[in-house]
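Asker: Given the sequences, and given the hints that come with them, work out the whole structure.
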Amino acid sequence: EAGVAQSPRYKIIEKRQSVAFWCNPISGHATLYWYQQILGQGPKLLIQFQNNGVVDDSQLPKDRFSAERLKGVDSTLKIQPAKLEDSAVYLCASSFRVGGYTFGSGTRLTVV
Amino acid sequence: SQQGEEDPQALSIQEGENATMNCSYKTSINNLQWYRQNSGRGLVHLILIRSNEREKHSGRLRVTLDTSKKSSSLLITASRAADTASYFCATDTTQGGSEKLVFGKGTKLTVNP
Numbered sequence: 001e002a003g004v005a006q007s008p009r010y011k012i013i014e015k016r017q018s019v020a021f022w023c024n025p026i027s028g029h030a031t032l033y034w035y036q037q038i039l040g041q042g043p044k045l046l047i048q049f050q051n052n053g054v055v056d057d058s059q060l061p062k063d064r065f066s067a068e069r070l071k072g073v074d075s076t077l078k079i080q081p082a083k084l085e086d087s088a089v090y091l092c093a094s095s096f097r098v099g100g101y102t103f104g105s106g107t108r109l110t111v112v
Numbered sequence: 113s114q115q116g117e118e119d120p121q122a123l124s125i126q127e128g129e130n131a132t133m134n135c136s137y138k139t140s141i142n143n144l145q146w147y148r149q150n151s152g153r154g155l156v157h158l159i160l161i162r163s164n165e166r167e168k169h170s171g172r173l174r175v176t177l178d179t180s181k182k183s184s185s186l187l188i189t190a191s192r193a194a195d196t197a198s199y200f201c202a203t204d205t206t207q208g209g210s211e212k213l214v215f216g217k218g219t220k221l222t223v224n225p
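Chains A and P supply the protein sequences, listed in that same order.
Under the working numbering, the first residue of the first sequence is numbered 1, with each subsequent residue one higher.
Under the working numbering, the first residue of the second sequence is numbered 113, with each subsequent residue one higher.
Warning: the hint list may mix true and false statements.
[What the hints assert, rightly or not] With a straight-line Cα cutoff of 27 Å, these simulated BS3-like cross-link-like pairs (lysine-lysine) come out: (1) P:Lys220 <-> A:Lys44; (2) P:Lys138 <-> P:Lys181; (3) A:Lys78 <-> P:Lys212; (4) A:Lys83 <-> A:Lys15; (5) A:Lys62 <-> P:Lys212.
[Said to hold, decoys possible] Just some of the chain P residues that point at chain A, by a computed CB distance under 10 Å: (6) Gly152; (7) Gly154; (8) Val156; (9) Lys182; (10) Ala202; (11) Gln207; (12) Gly208; (13) Ser210; (14) Glu211; (15) Lys212; (16) Val214; (17) Phe215; (18) Gly216; (19) Lys217; (20) Lys220.
I should point out that these hints are in silico values taken from the structure, not numbers from a laboratory.
Where a beta carbon is used, it is the ideal one built from N, C-alpha and C, also for glycine.
Answerer: Encoded structure:
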C-alpha cells in the first residue's frame, strides 16, 4: 500500500511569514495526526483528527497554528505568522486500528 | 506532554556489542512501540508490544515490558554501524475515548565500526 505522503519536503521562510504543509494519509485510515519534532527532541502531538473532526488539539498553539481535514482525507497544517521557534520537522501520521500507525517522511521547516 | 522517558539520552558502543535502551512511562497503556529515526529522516516502526505481553523478539531486537514498573527496554544484539540512529519509545493510550501515541525524548545510539 502507498505510504503517508507529505509535501513539501523542505521549506525555508522568514519569520512572520506564513507556511502550509500538506498530508495525504493512507486510504481508509480514519485517524490522522500532526506532530512537531524540534531538533534533538521526540515528536510532540499537535492535533489529532478522527475523519474530519478534531479529537485533540490541546497542544496546538492556536494563535498561530491551524489545521483542517476536509472530507476526512487530506489535511493541511498552517502557521501564520511563523516564529523562529517553529523551526522543526512536521510529521503526519495516520492509523486505522489500535497500534497501526504509519508516519510520513515529514516536512523540515526552517524559519530565519 | 511527553509520556515516555528514555534512558540513557546517548549511548556509544563498538560494533558487535549489545545496546540496551530503557523507557519509563506514567499512565496505563494499550501498547508500547519503539521507533528508529536516522538523522534528518522519518520515523521507522521497529516493534510493538501489547500491554499483556512481557517480551517480544524481532530479528536482533528484543523488547521487554513490565507494566507493574511502567517500564520497557529495547535490546539490540550484535550491533552494526548501520544501527546508528535515534531510538524512541512511544506509548499508545486511550484518553477521552480517542487513541493517541505519545513519544519520549529518545536515545541517540552511536555504533562505532
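Asker: Would you mind marking each hint as holding or not holding in the structure?
Answerer: Do the hints match the structure? See the list:
1. P:Lys220 <-> A:Lys44: Measuring from Cα to Cα gives roughly 17 Å; hence the hint holds.
2. P:Lys138 <-> P:Lys181: Distance of about 9 Å is within 27 Å: holds.
3. A:Lys78 <-> P:Lys212: holds (22 Å)
4. A:Lys83 <-> A:Lys15: With Cα atoms ~5 Å apart, lysine 83 of chain A and lysine 15 of chain A stay inside 27 Å; holds.
5. A:Lys62 <-> P:Lys212: Cα-Cα ~20 Å, so holds.
6. Gly152: Since chain A brings a Cβ to about 7 Å from glycine 152 of chain P, closer than 10 Å, the hint holds.
7. Gly154: holds (4 Å)
8. Val156: holds (8 Å)
9. Lys182: violated (17 Å)
10. Ala202: holds (8 Å)
11. Gln207: holds (8 Å)
12. Gly208: Holds, because the Cβ-Cβ distance from glycine 208 of chain P to chain A comes to roughly 7 Å (cut-off 10 Å).
13. Ser210: holds (4 Å)
14. Glu211: Check passed: Cβ of glutamate 211 of chain P comes within 6 Å of chain A, closer than 10 Å.
15. Lys212: holds (6 Å)
16. Val214: Holds. Min distance 7 Å.
17. Phe215: holds (4 Å)
18. Gly216: Interface hint status for glycine 216 of chain P: holds (5 Å vs cutoff 10 Å).
19. Lys217: holds (5 Å)
20. Lys220: For lysine 220 of chain P, the interface hint holds, since the closest Cβ of chain A sits about 8 Å away, which is under 10 Å.
The structure shown violates just one earlier hint, number 9.
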